[in-house]
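Respectively, the protein sequence lines represent chains A and B.
Numbering that gives the first Met the number 0 numbers the first residue of the first sequence as 0 and each following residue consecutively.
Numbering that gives the first Met the number 0 numbers the first residue of the second sequence as 0 and each following residue consecutively.
Don't take each hint at face value.
One copy or any two copies: either way a pair holds, since identical chains are not told apart in the list.
For lysine to aspartate or glutamate, the following EDC-like pairs were computed, each having C-alpha atoms within a straight-line distance of at most 16 Å [to be verified]:
#: 1; residue 1: LYS67; residue 2: GLU24
#: 2; residue 1: LYS48; residue 2: ASP94
#: 3; residue 1: LYS67; residue 2: ASP16
#: 4; residue 1: LYS48; residue 2: ASP28
#: 5; residue 1: LYS67; residue 2: ASP94
#: 6; residue 1: LYS67; residue 2: GLU122
#: 7; residue 1: LYS67; residue 2: ASP101
#: 8; residue 1: LYS48; residue 2: GLU79
#: 9; residue 1: LYS67; residue 2: GLU13
#: 10; residue 1: LYS67; residue 2: GLU126
#: 11; residue 1: LYS23; residue 2: GLU127
#: 12; residue 1: LYS23; residue 2: GLU122
#: 13; residue 1: LYS23; residue 2: GLU126
#: 14; residue 1: LYS67; residue 2: GLU79
#: 15; residue 1: LYS23; residue 2: ASP101
#: 16; residue 1: LYS23; residue 2: GLU13
#: 17; residue 1: LYS48; residue 2: GLU99
Read the hints as simulated data drawn from the structure, not as lab findings.
Number of protein chains: 2
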Amino acid sequence: MAVQMQLRRIIISEIQDEQVIMLKEVEGDRTFPMMIGIFEASSIDRRVKRMVSPRPLTHDLINNTIEKMGGELRDILINEIREQTYYAVLRIMLDGEIVEVDCRPSDAIAVAVASGVPIYVAEDVLEEVCGGE
Amino acid sequence: MAVQMQLRRIIISEIQDEQVIMLKEVEGDRTFPMMIGIFEASSIDRRVKRMVSPRPLTHDLINNTIEKMGGELRDILINEIREQTYYAVLRIMLDGEIVEVDCRPSDAIAVAVASGVPIYVAEDVLEEVCGGE
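Given these sequences and hints, build the entire structure.
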């Protein structure tokens, strides 16, 4: 089971390396924070503010590569938490099958925001982070 | 005609946004500088210094996506300069054909360094930047 999430807030600090994004359930109230690097945070922030870049940025390049190779990014899934580290996959439809590519959640969310696909979190990850409902 | 280049030097400045990388012909002496952002410069620098990351970084993710989708990154090509802006493509072998994906040269070089594929510059770009031989 996976739960669809949305980006609730991005907190960018000039004085810390780690930035914070808050994800919130689309059909519920559970939220959780993720620490991410400044590059991914800026990339997400630019996108949310609809700042247009004249040239494809790094996370656009991932999506452009998928499309040029005949695939379609379906969604991203944060599928695991292990020793306080989150893991994620890009889920790509290719020739009628889903191909999963392992990545850091921060990259996954930046790619999702750049390409407008849904963000999912596995129910057991959400329960572990937020506790039961 | 494309000329193979190698990364000669990375100059990272803490006080400027734009960083400099120098490319040099593999079989010749022409060199040229490119201005790139701090994120791409850091990504290239980490790789050159063989700093290992426990998790795939953004430019690794591009290569992992290509491989998972059944392609093979062959090389990158800086193929155009227009109004002092460089353009580049990733060249991916997929089902026996080359697929080209447009990107910024800084991303292209970061991907090339991350995955160990050759860096090419079109001869006419090199001539425009360096003058004739």
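Going through the hints against the structure:
no.: 1; hint: LYS67 / GLU24; result: neither (32 Å within a copy, 30 Å between copies)
no.: 2; hint: LYS48 / ASP94; result: neither (34 Å within a copy, 39 Å between copies)
no.: 3; hint: LYS67 / ASP16; result: neither (34 Å within a copy, 31 Å between copies)
no.: 4; hint: LYS48 / ASP28; result: neither (24 Å within a copy, 45 Å between copies)
no.: 5; hint: LYS67 / ASP94; result: both (13 Å within a copy, 13 Å between copies)
no.: 6; hint: LYS67 / GLU122; result: neither (32 Å within a copy, 26 Å between copies)
no.: 7; hint: LYS67 / ASP101; result: between (20 Å within a copy, 10 Å between copies)
no.: 8; hint: LYS48 / GLU79; result: neither (29 Å within a copy, 31 Å between copies)
no.: 9; hint: LYS67 / GLU13; result: neither (36 Å within a copy, 36 Å between copies)
no.: 10; hint: LYS67 / GLU126; result: neither (37 Å within a copy, 30 Å between copies)
no.: 11; hint: LYS23 / GLU127; result: within (15 Å within a copy, 51 Å between copies)
no.: 12; hint: LYS23 / GLU122; result: within (13 Å within a copy, 51 Å between copies)
no.: 13; hint: LYS23 / GLU126; result: within (13 Å within a copy, 53 Å between copies)
no.: 14; hint: LYS67 / GLU79; result: neither (29 Å within a copy, 20 Å between copies)
no.: 15; hint: LYS23 / ASP101; result: neither (22 Å within a copy, 34 Å between copies)
no.: 16; hint: LYS23 / GLU13; result: neither (24 Å within a copy, 36 Å between copies)
no.: 17; hint: LYS48 / GLU99; result: neither (29 Å within a copy, 30 Å between copies)
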